[in-house]
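Could you use the hints to bring the two separately framed chains together as a complex?
Just so you know, the protein sequences line up as chains S and H, in that order. Using the working numbering, count along the first sequence one by one with no gaps and you end on 327. Using the working numbering, count along the second sequence one by one with no gaps and you end on 620.
Since the hints were made in silico from the structure, they are not lab data. It is possible that some hints are incorrect.
[Claimed, not checked] Ranges between beta-carbon positions, derived for each pair:
#, chain 1, residue 1, chain 2, residue 2, range
1, H, Phe-592, S, Val-11, 23 to 33 angstroms
2, S, Gln-33, H, Val-335, 58 to 68 angstroms
3, H, Arg-424, S, Ile-299, 15 to 25 angstroms
4, S, Ala-320, H, Pro-420, 34 to 44 angstroms
5, H, Arg-424, S, Val-11, 21 to 31 angstroms
6, H, Val-332, S, Gly-141, 31 to 41 angstroms
7, S, Val-11, H, Arg-504, 49 to 59 angstroms
8, H, Thr-474, S, Asp-203, 53 to 63 angstroms
9, S, Glu-209, H, Val-501, 31 to 41 angstroms
10, S, Thr-284, H, Ala-408, 32 to 42 angstroms
11, H, Asn-519, S, Arg-207, 47 to 57 angstroms
12, H, Phe-592, S, Val-157, 46 to 56 angstroms
13, S, Lys-114, H, Leu-465, 40 to 50 angstroms
[What the hints assert, rightly or not] Facing chain S, from chain H, some residues (calculated, C-beta under 8 angstroms):
#, residue
14, Leu-436
15, Leu-438
16, Ala-599
[Claimed, not checked] If you want the ones that stay clear, here's a sample from chain H, every Cβ over 12 angstroms from chain S, calculated:
#, residue
17, Leu-331
18, Leu-336
19, Ala-380
20, Glu-390
21, Pro-450
22, Gln-454
23, Ser-464
24, Ile-482
25, Ala-492
26, Gly-500
27, Asn-519
28, Gln-546
29, Leu-557
30, Glu-573
31, Phe-592
32, Met-610
In this text the structure is predicted, and so the values were computed from the model without any measurement. Just so you know, even glycine gets a beta-carbon here, dropped at the ideal spot from N, CA and C.
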Amino acid sequence: MKSMTGPPRRVLAWSAPALLALIVLPYVVPPYQTVLLTYGLVFAIAALGFNLLLGYTGLLSFGHSAYFGMGAYAVAFTVKYLKLESMEALLLGGILASGAVAALFGLLCVRYTKIFFGILTMALSQVLWSLAFKFFWVTGGSDGLRVPTPTLLGGLVRAGSDKFEFLSHRYYFYVLAIFAICVAVMWVIVHSPFGQALQAIRDNETRAEFVGVQVWHYRWVAFLISGIFTGLAGALWVPLNGLTTPDILHWTFSGKMVFFTVLGGFQTFFGPIIGAVIYNYLETYAVGHTVYWQMVLGIVLVVLVLALPAGIVGTVRRLAVRPAKAA
Amino acid sequence: MDTLVVHVLNALLYASVMFLIAGGLSLIYGVMRIVNLAHGNLYAFGAYVTAWAVGRALGGATEASFWMYALLPVGAIAAAALGAVLEPTLLRPLYRRAEEYQLLITFGLLLILEDLMRLIWGPYPLQASALYEGLGSLTFGESIYPTYNLVVIVIGGVAAAGLWAFVYRTQFGVVLRATSQNMRMAAALGVNVNRVYVQAFTLGCFMAGLGGSVIVPQQGAVLGMGVDALILAFVVVVIGGLGSLEGALIGALLVGFVREAGITFFPEVELAVLYLMAAAVLMIRPAGILGRA
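With the rest of the complex left out, here is chain H (with noise of 0.2 angstroms):
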């Protein structure tokens, strides 16, 4: 029983930050149609700004003082400040060309971005373990488990309510889902499109900043993490469907359990198993389980 609820927490705890990321990337999708495929260098970014906004904050101590908790947003501020000036220097130019070229001028941001970060953080691993440990870990019955993980959790869950509230019952969200349903229309109805696609991808960017930054005390950020992200996040959007915040959600879910599954009990083959499912799905129902084709 005690395991169980390990493996459940887990699982959510990989839900939530796939969801950040996820998420994310598919209401950029949705509002921009656009694959990022530099999305998650921008995770990365954020974990890596986190850390060292961290380690700065430590100098050479290693007790986290509370006050550092609040270093967390760090990371998820300045990918946004990335996006805001990404989107109008690089894609905008790019909307009205094919989309190939959409997908190539991300994956070479991709490169670039990769590289930025050896460049500012060295190759080596940077961690933020202090805010982890700093919270030390709970018991149930037989079980501990890290507080941390649980705050993470719990983030998760406030992002989503959060972003719902902001789509759905914002002056800024009817905007964003009228631009997401009939750019043209909205465009003649007095909307400043170009606003609205930078503020999309801010807050895309944002999102993979958060999943990042939240993250980092726990796993630490090292080169390469935005690349296995952005193809799990991948898996998570193509299952919910591309562009549909719902679906972001229940895709997370899905994947933060059959991953959990995985590890325990099918480890080799755990990843193949979730290409398989974003495969399958696509297959099935292309436009993913609640997404409008």
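Okay, chain S solo, but in the shape it has when bound (with noise of 0.2 angstroms):
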């Protein structure tokens, strides 16, 4: 079994530059680019979550839009019926509510692996899809719910007139220790001796059984963690979106989620991280310049499968590997 990551020392060298150049940029870069990267971080987090299962579990999930979109409409009932406006109180909400359909979700799914589990995450995540959609007196149907700005950190940080100024520094801050954090656990969680199981258990499932691995249960756990991780996103974004709507419910966007964790590299750690931040920037330009934008999408995508399958991460990884050992 080979570890998907470098040794630790190497990776805080690049990584801790990396987070302070994070850090800088707002003062550097338009207001406009650093509210594009906090959606490239939220969903960074988001992939982060899949990739536990993906990555390292070997099971790809279609229905991951159910945690994220639960997330996320958890935050909205929570402003509307509990009239909370405190970020953490919603973090916290979204949080319980992923976690808790992930936990039943996860039960009914973990038994089947390949296919099966592909399809059976994808028609959950699709009864919460048409729940939302077909319950408008509830969830505002195809209108969704529109979600006031927050205040931070039990109410010490207010959003203030200007809700674009506020987006672009205090909360891209906010979601920036947040998606450290949530880099930090997971790299905890990956290599750990549970994360070590999850790996045993994606190379060869007889195997890891025949060691003492409950193998379901270890699944189940993992399910968990992916779904809490992605409704943290979802939690997030919200703020960002200033509405939630059932699109991020529906099967195509947990489409999106494997496409970016893909494209930055499911074998690596930091893969689907990148992917995550780059598609955000690739969907945005596309969307920006030609009504054809999924078309340019889905053409990536096929390039992508076809000619580099590792992703960007893997590639890059191989092409640097490839000289040191030559030498």
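In structure tokens form, the structure reads like this:
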């Protein structure tokens, strides 16, 4: 079994400057770019969670829109019915809701693998989508629910009059901090004995079972963690978008999550993060330049699968490793 | 009593179209072990081509002449041709790779085809309702029912019978089933597997296109119809059993009747009930009602 990441010291050596660059960035680039990057970081958190299943456990979910959407709708409901506006309370709501759904759906799904797992996760996520779509008196139907800008850090940081300024500075740092925590937590998870057991299950389920790994239990916990990360991303996404619509529960949104994870490279730890950020730029610019943006994305995906199956990070690493071996 | 007949006919109408789409999906999975996420787009493609052809044939006229019904298969043939091009170019390189990649490439294809239709036919719906109205309607007792819907039901039934005869009563069907059961053994016995794959994929796309062609006079062709149809087709094949044609027929009938009942009695949760049915079948019998594990 091959570990999917390099030694910790080397990772720290380049992730610390990367984090520093992300902190300095809002002071250098225009606010619009910062907001765009905030979206990217939010998707990166979702991708981190998603890849715990795909990259580390070997399960391809086509229904992760369910957890992203649950996180987002939980925020909207908390604002609407509990009248809360503190972001921490909203995040807690998002985590609890997506965790509860992931725990339930996971229980049903983890007994299956491969295509059956994919279709089952997809069918269950579509149940939520159709409910959000049809019960318009609760969810606003296809119009969705509006969510006002929340306050951060228990009311210490408020939005003020300029919402865009708030999103491009204070909210950016807020998301960045949570993103950094998520990366650290996920790093610890995949390098723990638990994470090693998941990789053992991915590589050979039967052997893992023989050495005493309780396969379905590990898969369920991985499913739950994965769902919570994705739900957290959904909750963070709401203030950016200002609105939740059923689109984020639809299975095509799950497809996007698969897309950016594979774009970055699902066999690496940092691949999905890079993939999510790049995908977000790609989609934004494609949407801005042509009505046929879906075709652009589709062509990128087809070329990617045919020519660069290891993804961006996987390909770069392979190119970097080859000369080193030759020397 | 009359309304019951109308409900049953409506259910059969859904079932016919669903069988055409899901039967093709199931055939492709059964032979090639590929879940084609772009299958719904081939259905939409068939609908668009037929609507376009009928529109051109009508010119400015509003009344359909009888010969225009001969244009119905045009969409199916176009979808089949598209399938015959797609399989060797995009899918064939991927058979040796993990099935994740096969799903992804068909998802990419879904995105491309969706916009290709927008590019060719524009963002507005295309209609072929002249064919639908041209046949008038029948009256039983107090109820009236569009004759065209009966035609669709008959086409669905004939397609099911024809497909059964094709798969179980012809030389090609034997080769198809042999490849489906054991691809390596079939190849060892001299079957040209590449050819069988492209034929199976083309046939599957033909069925999806036929589904789109026959329904377009009644519903029109709109963007996004493929994505919606795909998920219902999934429900059908999951209930009946992935890869089983008889299963697709049973699944289509079940989905047709539940949908019709849903629209009448529980419209809010109609779709949710269908997805839950699929999930329940997967959990109790992962291979579906008639599938082989």
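H/Arg-424 paired with S/Val-11, Cβ distance criterion 21 to 31 angstroms: holds, 29 angstroms
Examine each Cβ of chain S, and state whether all of them lie more than 12 angstroms from the Cβ of H/Leu-336. holds, 25 angstroms
Please settle this one: H/Ala-492 was flagged as non-interface, so is its CB more than 12 angstroms from every CB on chain S? holds, 29 angstroms
Is it true that H/Phe-592 and S/Val-157 lie within 46 to 56 angstroms of each other by Cβ? holds, 50 angstroms
Does the beta carbon distance between H/Phe-592 and S/Val-11 stay inside 23 to 33 angstroms, or does it fall outside? Given range 23 to 33 angstroms: violated, Cβ gap about 58 angstroms.
Check the following: the C-beta atoms of S/Thr-284 and H/Ala-408 are separated by a distance inside 32 to 42 angstroms. holds, 36 angstroms
Pairwise beta carbon distance, S/Ala-320 to H/Pro-420, judged against the given window 34 to 44 angstroms: violated, 26 angstroms
Taking 12 angstroms as the cut and beta carbons as the points, is H/Glu-573 off the interface with chain S? The assertion about H/Glu-573 holds, with a minimum of 19 angstroms to chain S.
If we take the beta carbon of H/Met-610, is the closest beta carbon in chain S still more than 12 angstroms away? violated, 6 angstroms
Examine each Cβ of chain S, and state whether all of them lie more than 12 angstroms from the Cβ of H/Ser-464. The assertion about H/Ser-464 holds, with a minimum of 30 angstroms to chain S.
No chain S beta carbon within 12 angstroms of H/Pro-450's: violated, 8 angstroms
Starting from the range 31 to 41 angstroms, see whether the pair H/Val-332 and S/Gly-141 falls in it by beta-carbon distance. holds, 33 angstroms
Of the numbered hints stated above, those contradicted by the structure are hints 1, 4, 11, 21, 29 and 32, listed in ascending order.
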